[in-house]
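Since the structure of chain A is provided, determine the placement of chain B on it from the hints.
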Amino acid sequence: MVPILKQGRYLIATIPTALTDADLERLRDGLVAQVGRCRSRGVIVDITALDVMDSFAVRTVRDIAHMTRLRGAEMVIVGIQPEVAFSMVELGLTLQDVHTALDLEEGLALLDKRTKLVGH
Amino acid sequence: MGRERRGAVASARLPAAPRPERRAAVDLPDETSIPVRSDADVILARQKGRELAAALGFGPADLTFVATAISELTRNIVLYAKRGLIVLKRIEQNGNLGIMVVARDDGPGIPNVPRALESGFSTSGGLGLGLPGVRRLTDEFDIVSEVGRGTTVTVKKWTR
Chain A
1 MVPILKQGRY LIATIPTALT DADLERLRDG LVAQVGRCRS RGVIVDITAL DVMDSFAVRT
61 VRDIAHMTRL RGAEMVIVGI QPEVAFSMVE LGLTLQDVHT ALDLEEGLAL LDKRTKLVGH
Chain B
1 MGRERRGAVA SARLPAAPRP ERRAAVDLPD ETSIPVRSDA DVILARQKGR ELAAALGFGP
61 ADLTFVATAI SELTRNIVLY AKRGLIVLKR IEQNGNLGIM VVARDDGPGI PNVPRALESG
121 FSTSGGLGLG LPGVRRLTDE FDIVSEVGRG TTVTVKKWTR
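Protein chains in written order, with the working numbering: chain A, 1 to 120; chain B, 1 to 160.
Because the hints were derived from the structure by calculation, they are not lab data. It should be emphasised that the depicted structure is a prediction, and the values quoted were computed from it without experimental measurement. Idealized CB from N, CA, C, for every residue including glycine. Each hint should be verified, as a subset may be incorrect.
Rough simulated footprint, nothing fancy, chain B against chain A, three-plus residues with beta-carbon under 8 Å [claimed, not checked]:
#, region
1, 20–26
2, 85–98
3, 101–114
If we strip away everything but chain A, and leave its shape as in the complex, we get (with noise of 0.2 Å):
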C-alpha cells in the first residue's frame, strides 16, 4: 500500500521500487477520493525507486492525471530514472499530456506556478 501524504494544498503519493498492478490501482483511487476530501489543488506521484515503467503502469499512471484533473487538481509525474526513460521510449510509451518534473523539489515549484495560473 502506498502511503499518501498531505502537505498544504497538495498531495504526495511515492511509488516504492515494486507495486503490483492491484496496488497502483489502489493508489489510482485513494488518490482520485483523496483530491476530494483534502481539497487538493496538486498532486506529486515520486516514482524515483520504481524499477519498471511498463505499458501497464503507464496507463494507470496517465489515468491518474486525467482523473486527478478532473476533480480539480494538477498532477506531476517525478522522478523518472535514465534507464526508465530510455526503455519507456523504446516500448513507444509516452506521458504526452501528463506534467513531468525531475525530482520532487522541481515538481513542487511546478504545481506552485501552475496552481497560481489556475488560481488567477
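Same frame as chain A, but now just chain B:
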C-alpha cells in the same frame, strides 16, 4: 495456541538454515522457473530476471530493458491466460553471455500473431499485448501461438 508454541520451540532447536538470499550473485542457478498465477508474480519474475541479468554483467539500461520485457510478458500471462510459466536461463554463444526468457501459457492463444506484433506500438500503453515493445527491448524474439492451445514467447538479450 499450544500447537503454535510447540512449533516455535521445534524451529528454535533447528540448526541455523543457510540463507540463500545472501549468496553471491555468481552462484545464481543457470535456470529458474517461476510459476505465474497473479499480478504479484509479475513483480517476482522481473526481480528474478534482473538478478540473473545483473549476475551476467548487463549494464543498468539493459537491466531495466530485461526487467521491463519480463514484466510485459508475465502480465500478458496473468491477463490473458490466467496462469503460465516464466523460465529464465543463462545462455552462452561464442563466449558471449546472455539471458533467455521463455513465457509459456496454455491460454486462449493469439488469433493473429502478425497483427499482435504490429498493433500496440503506437497505442502508448493501450490494451495491446505490448509485444512490439518487448521485441524492441530484446535482441532475439520468437513467438509460437495456437488458438485454444496457448502461447510461448522466447526472447534473448546478449551482454554484447
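Given coverage of the region 85–98 of chain A by chain B, tested with a Cβ cutoff of 8 Å and a minimum of 3 residues | It holds: at least three residues are needed, and the region 85–98 of chain A offers 8 whose Cβ sits within less than 8 Å of chain B.
Do three or more residues from the region 20–26 of chain A put their C-beta atoms closer than 8 Å to C-beta atoms of chain B?
-> It holds: at least three residues are needed, and the region 20–26 of chain A offers 3 whose Cβ sits within less than 8 Å of chain B.
Coverage claim, chain B over the region 101–114 of chain A, checked by counting residues with Cβ within 8 Å (three needed) | violated (count 0)
The structure is inconsistent with hint 3 alone, although it conforms to all the rest.
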